[in-house]
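Asker: One letter stands for each residue in the lines below.
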Amino acid sequence: MLKVVVRRLLVMPFLLLGIVTATFLLAQFTKGNPLISIIGARNLDNAEIVAAAKARWGLDGSVPERYATYVWNLAHGDLGTSFRTKQPVLTDLAQRLPATLELVICAMIIGAVGGIVLAIVSAEFKNTFADHLARLVALLGSCLPVFWLGLIALFLFTVQTQMLPGPGRLDIRAVPPPAVTGFMLVDTLLAGNWGAFVDALRHLVLPALVLGWSVMGIITRMVRASMLDVLGQDYITMARAKGAGRLRVLIHHALANALIPALTILGFTFAYLITGSVLVETIFSWPGIGSYAVDAARSLDYPAITGVTIIGGLGFLIANLLTDIAYAVADPRMREAG
Amino acid sequence: MSQPLLDIRGLAVTIPTRDGERAAVSNVDFTVDRGEVVGLVGESGSGKSLSMLAVMGLLPRQLHVSGSIRFDGVEICGAPERRMRSLRGRRIAMVFQDPMTALNPVKTIGAQITETIRLHNPTLSRAEVKARALALLEIVAIPAPERRFEQYPHEFSGGMRQRVVIAIAIANDPDLLIADEPTTALDVTIQAQIMEIFARLREERGMAVVLITHDLGLVAGLADRMSVLYAGRVAERGPVGPVFAAPRHPYTAGLLAAVPSIDDVAERLYAIPGTPPSLGDRPEACTFAPRCDFAVPLCRTSEPALTRVGSALVACHRAGELSLSDLPRKGT
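Protein sequence lines, in the order shown, are assigned to chains D and W.
Be aware that the first sequence starts at 1, since it is given in this note's numbering, and climbs by one per residue.
Be aware that the second sequence starts at 1001, since it is given in this note's numbering, and climbs by one per residue.
To be clear, the hints were calculated from the coordinates, so they are not data collected in a lab.
From a predicted model like this one, the values you see are computed outputs, not experimental measurements.
All residues carry an ideal CB built from backbone N, CA and C; glycine is no exception.
Among these hints, one or two may not hold up.
As the list claims (entries may be wrong) - One side only, chain W facing chain D, incomplete, derived with CB under 10 Å: (1) 1050; (2) 1053; (3) 1077; (4) 1079; (5) 1080; (6) 1087; (7) 1093; (8) 1100; (9) 1105; (10) 1115; (11) 1116; (12) 1153; (13) 1155; (14) 1158; (15) 1165; (16) 1173.
To be verified - Label-pair ranges, simulated between beta-carbon atoms: (17) W:1196 x D:15: 39 to 47 Å; (18) W:1121 x D:151: 52 to 60 Å; (19) D:125 x W:1086: 18 to 26 Å.
With the hints as extra help, turn the sequences into a complete structure.
Answerer: Structure (structure tokens):
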């Protein structure tokens, strides 16, 4: 197992290089002029300013030259400076990634727990009303567009009933706690500010629910299929023949096996959410990677775009690695396998 | 005589199909006394396993069970799940056909044995449970039980896994052990070892065993009585000796004839002609008639009832008149 992990880690830089190259090239071939966002459209006629800006932002070389510079800097941990925020991309990402991770982790917990519970109900009561209802609930989350769900949720819970706060991570009037981890829930607790913690939690509910529901469908579907497969196995009958109760058989015996094939989809979903939370972040004004990516794309902010892509790619690679490790933990047959 | 340990009367199992309910098992009577080994013999699909899963209350919900199943004098057919759960694994246990699939691949052997002990003895301490589980591994002759305890099923061979399955089944000293083709998936040498374990358990613990099998050799070696099922109905039942010596039902005779023997110089093995009827194709007549060499018009119009012939009960219209012990050896 350790060998697999080491091998994966060694391959990772090369995969990342591939991702970087592809993104770099795609950005170069996009029509549009990043200088507009750097110096403004009015200054484009001023050759002096344009030349100075090009030199300042490294846009004066040929594409291969710029690529070489970028990769060289990247290898030294420098992702460049954002055209838009004028800050190092790494700093931008470090500020925004925790917000996205906080949202994604909560959404993932909701999606996974909800999806697994729905899958268990629908597998146990296959082809009954409960099964159909569970699958409908799961399917709706996948079918309804996230932006629509987000707006409806805001309308119902914030505007109409005022049960939950609107967009953002904290009340606008609130003073944010000192950023230690960047995770609002953790930082508020570290600051000992219980009121702010509750406020942050209340802000998280809607975006996390909407995002979690959107991935519940695929999780339910996968886990249900593998639960049905597992429930037909002899060892399930055997567990019942031992005198185990229905719930024990379902959770202890069936789910432990059914989750193994579902691990892949759980890992994949998590990685997908890191960059896939764009719409939800936009609607809920969540200051995460997703909204950063949208802004970067709008202004052709090459370094920022590539930076986000690297985060997304890294997310997939890490999720894959974690999935493999999770496989080994969950399935004893995988442990010895090289 | 005291009441039998297991007393099944008029058991029927119906399966819903697109063409309506089909009887997979009908009107089966079956008894097992304490400490007795009863062979339940028949081809695949004859309803052997279904009947015994019905006893355990483990049939899928869609299947409908009717009739009477009395265990130790108490009716358990249709009993609430809670009551069945306290019987399963404690008083009635089961050994499955394929040891490769009967154990949970993600749980250690130890966890799987201790589970059944703990489920029915919640007051035992961890150490007591483990000691009992290790003792069980020794009873089924698994070497190095301490080490094996922590291992997973995939680290065991088929024969060793079946020993574990048996250890789990006997963990709570059940009164009745249902063994569903316990050696079918195993090598011949392993088969003998497993059957030896069964013989010993019965000897030492007075456990009653229902041996579901299509291997008449196993029945001859271990069972006291046998029931032959054909197409979901009892064809013949009686003490093993007399039935082997003088089968009264043409199907039983056919099965016995199909067992190859060393002395047999016949060039071809005997096979009963034809195939068992499918679920939807079971007439209200003798189900064996279409394959029977001795069928008369009556066999095709009315279903024979079980009648006593000698020491056996036989469901054949011609049971009294036929002499079948020398039927098959056609080649000689």
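Asker: Each of the hints needs a verdict: does it hold here or not?
Answerer: To see whether the hints hold, each was checked on the structure:
1. Taking 10 Å as the C-beta cut-off, the interface hint given for residue 1050 of chain W is violated, the closest approach to chain D being about 13 Å.
2. The interface hint given for residue 1053 of chain W is met, as the beta carbon of that residue sits about 8 Å from the closest beta carbon of chain D, less than 10 Å.
3. Hint status for residue 1077 of chain W: violated, given a least beta-carbon distance of 17 Å to chain D, over 10 Å.
4. Interface restraint check: residue 1079 of chain W against chain D, minimum CB-CB distance 14 Å, threshold 10 Å, status violated.
5. Hint on residue 1080 of chain W is violated. Least Cβ distance to chain D is approximately 12 Å, over the 10 Å limit.
6. Checking residue 1087 of chain W against chain D by beta carbon gives a least distance of about 8 Å; that is within 10 Å, so the hint holds.
7. Taken as an interface hint, residue 1093 of chain W checks out: its beta carbon lies about 7 Å from the nearest beta carbon of chain D, inside 10 Å.
8. The interface hint given for residue 1100 of chain W holds, since its Cβ lies 9 Å from the closest Cβ of chain D, which is under the 10 Å cut-off.
9. Hint status for residue 1105 of chain W: holds, given a least beta-carbon distance of 6 Å to chain D, under 10 Å.
10. Here the hint on residue 1115 of chain W is kept, as its CB sits about 6 Å from the closest CB of chain D, short of 10 Å.
11. Among the interface hints, the one on residue 1116 of chain W holds; its C-beta lies about 4 Å from the nearest C-beta in chain D, closer than the 10 Å criterion.
12. For residue 1153 of chain W, the suggested interface contact is upheld, since its CB lies about 9 Å from the closest CB of chain D, less than 10 Å.
13. At about 8 Å, the closest approach between the beta carbon of residue 1155 of chain W and any beta carbon in chain D falls short of 10 Å, and the interface hint on this residue holds.
14. Interface hint status for residue 1158 of chain W: violated, as the beta-carbon distance to the closest one in chain D is roughly 13 Å, over 10 Å.
15. Look at residue 1165 of chain W: its Cβ gets to within about 7 Å of chain D, closer than 10 Å, so that hint holds up.
16. At a threshold of 10 Å, the smallest CB-CB gap from residue 1173 of chain W to chain D is about 14 Å, leaving the interface hint violated.
17. In this structure, residue 1196 of chain W and residue 15 of chain D break the distance hint of 39 to 47 Å, their C-beta atoms being roughly 57 Å apart.
18. Take residue 1121 of chain W and residue 151 of chain D: their Cβ atoms lie about 57 Å apart, and the range 52 to 60 Å holds.
19. Restraint check, residue 125 of chain D to residue 1086 of chain W: a C-beta distance of roughly 24 Å satisfies the suggested window 18 to 26 Å.
In this structure, the earlier hints numbered 1, 3, 4, 5, 14, 16, 17 are contradicted, and the remaining ones agree with it.
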